[in-house]
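Visitor: These are the residues of each chain, in order.
Number of protein chains: 2
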Amino acid sequence: MDFERPIVTVDIVLLTLRDSHLHAGLTRRDKAPALGAWTLPGGWVHTDQDQDADEAAARILRDKAGLVSPYLEQLRTFSGMHRDSRGWSLSVSYYAVVPEPVGEPAGERFRWAPVDGLRSLPFDHAQILRTAVERVRSKTLYSSLPVHLMPAEFTLGALQRTYEQVLGATLDKRGFRRRIEELDVIEEIPGAFTSGGSHRPAQLYRKKAHAPALKTATSNLPVG
Amino acid sequence: MDFERPIVTVDIVLLTLRDSHLHAGLTRRDKAPALGAWTLPGGWVHTDQDQDADEAAARILRDKAGLVSPYLEQLRTFSGMHRDSRGWSLSVSYYAVVPEPVGEPAGERFRWAPVDGLRSLPFDHAQILRTAVERVRSKTLYSSLPVHLMPAEFTLGALQRTYEQVLGATLDKRGFRRRIEELDVIEEIPGAFTSGGSHRPAQLYRKKAHAPALKTATSNLPVG
Numbered sequence: 001m002d003f004e005r006p007i008v009t010v011d012i013v014l015l016t017l018r019d020s021h022l023h024a025g026l027t028r029r030d031k032a033p034a035l036g037a038w039t040l041p042g043g044w045v046h047t048d049q050d051q052d053a054d055e056a057a058a059r060i061l062r063d064k065a066g067l068v069s070p071y072l073e074q075l076r077t078f079s080g081m082h083r084d085s086r087g088w089s090l091s092v093s094y095y096a097v098v099p100e101p102v103g104e105p106a107g108e109r110f111r112w113a114p115v116d117g118l119r120s121l122p123f124d125h126a127q128i129l130r131t132a133v134e135r136v137r138s139k140t141l142y143s144s145l146p147v148h149l150m151p152a153e154f155t156l157g158a159l160q161r162t163y164e165q166v167l168g169a170t171l172d173k174r175g176f177r178r179r180i181e182e183l184d185v186i187e188e189i190p191g192a193f194t195s196g197g198s199h200r201p202a203q204l205y206r207k208k209a210h211a212p213a214l215k216t217a218t219s220n221l222p223v224g
Numbered sequence: 001m002d003f004e005r006p007i008v009t010v011d012i013v014l015l016t017l018r019d020s021h022l023h024a025g026l027t028r029r030d031k032a033p034a035l036g037a038w039t040l041p042g043g044w045v046h047t048d049q050d051q052d053a054d055e056a057a058a059r060i061l062r063d064k065a066g067l068v069s070p071y072l073e074q075l076r077t078f079s080g081m082h083r084d085s086r087g088w089s090l091s092v093s094y095y096a097v098v099p100e101p102v103g104e105p106a107g108e109r110f111r112w113a114p115v116d117g118l119r120s121l122p123f124d125h126a127q128i129l130r131t132a133v134e135r136v137r138s139k140t141l142y143s144s145l146p147v148h149l150m151p152a153e154f155t156l157g158a159l160q161r162t163y164e165q166v167l168g169a170t171l172d173k174r175g176f177r178r179r180i181e182e183l184d185v186i187e188e189i190p191g192a193f194t195s196g197g198s199h200r201p202a203q204l205y206r207k208k209a210h211a212p213a214l215k216t217a218t219s220n221l222p223v224g
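Listed in order, the protein sequences are those of chains A and B.
Going by my numbering, the first sequence opens with residue 1, and the numbers climb by one from there.
Going by my numbering, the second sequence opens with residue 1, and the numbers climb by one from there.
Derived from the structure by calculation, the hints contain no laboratory data.
It should be emphasised that the depicted structure is a prediction, and the values quoted were computed from it without experimental measurement.
Fair warning: there could be bad hints in the mix.
Unchecked claim - Straight-line alpha carbon distances no greater than 30 Å define the calculated DSS-like cross-link-like pairs of lysine-lysine that follow:
1) B:K139 x A:K215
2) A:K173 x B:K215
3) A:K139 x A:K173
So here's chain A without its partners, still in its complex pose (with noise of 0.2 Å):
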């Protein structure tokens, strides 16, 4: 027996921080179906170029987002009959988190929307970026993933805040510093500090060059 080939896409949540909030970024879709409508990057695969399916993504993010993530996952497989109206479709979808880039990339085929208020996409789009943001909170948890949100330099404060503000909770200041220094994915940058302003000068820090994408602990932290 032979079955018709289901239809094969990648597509790609794009997660940001901005005024707070993640964002993902949308593209507009220029072809039918869903024509004209703001849905998350995506594409077919090029099997005449993408080696697998993580190069498919990596390109697509590339020329639909003007981006390369270092981080950039599988999230699942969403597959049905139905999803498509074009036939039985799979989207293998993946999730990326990126610092606040600088300089609008946002125009008439890419923006930026915040992720509680998009409640609803083409397709199954809705549910695929609620898989990934399910996932992005649930790693804060346990992983150094939100360091992929920060930029270049940054204080302890401000990765406390970032964590803070993909989980929507507080985190209590000793634990979450205990935390860093065990994952052990950020050095201080010598002799950088924070300047001006009524505070103190704080301690700037990087990511470490050589540190892996994620690291992980055995629990998870407390959330307040």
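Based on these hints, arrange chain B on the given structure of chain A.
Guide: Then chain B, alone, in the frame of chain A:
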């Protein structure tokens, strides 16, 4: 632009404990490529009947291993230009864990093999198997997953040995019992105890009828 659609298969890592070791269910391929070789149970998506990939996985498990598994979860999607000689292909991979089957389904088309001895399998099935075993071991540290490996009635001691056999490590008895209580997925069978032998009779337990397929804790079990 239009691209050739990738080949899509669904493959399943079916795991059980036999003789204290994790075993995977293998089926013998009845067509090329790899005709006659033992591989993970798998097949095409039947786009005329499978509602989604989850349904395809359940159908394949039923047809190839004669099994229905209450725990059948997506593992990840493996893909690439070169993993299948027929062209760009993609395997939506699943894993299932089941109690040791009573009555050997093994034969010409199906057998169990110890996972630690399976270094090479056709396609990238050895990598898929390795990924599933890692996932099961990691979930064993923080969830109720191994309960799916148990028969209908079991003692707490047998459940602890199951956790230990999956992990290949020993666990502290008191910590283990606290964890099982916290997960709250099993219950005493009223008036049911082990009998015979030189040991004291031990309370028998069963899965709670309405417990979710998986419950998780906020920290890993410490392994000794």
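Visitor: Next step is simple, just say for each hint if it's right about the structure.
Guide: Checked hints:
Annotation: proposed proximity of B:K139 to A:K215 holds, straight-line Cα distance about 17 Å (limit 30 Å). The suggested pairing of A:K173 with B:K215 holds, with an alpha-carbon distance near 29 Å, which does not exceed 30 Å. Restraint check for A:K139 and A:K173: satisfied, since their Cα atoms lie roughly 19 Å apart, inside the 30 Å limit.
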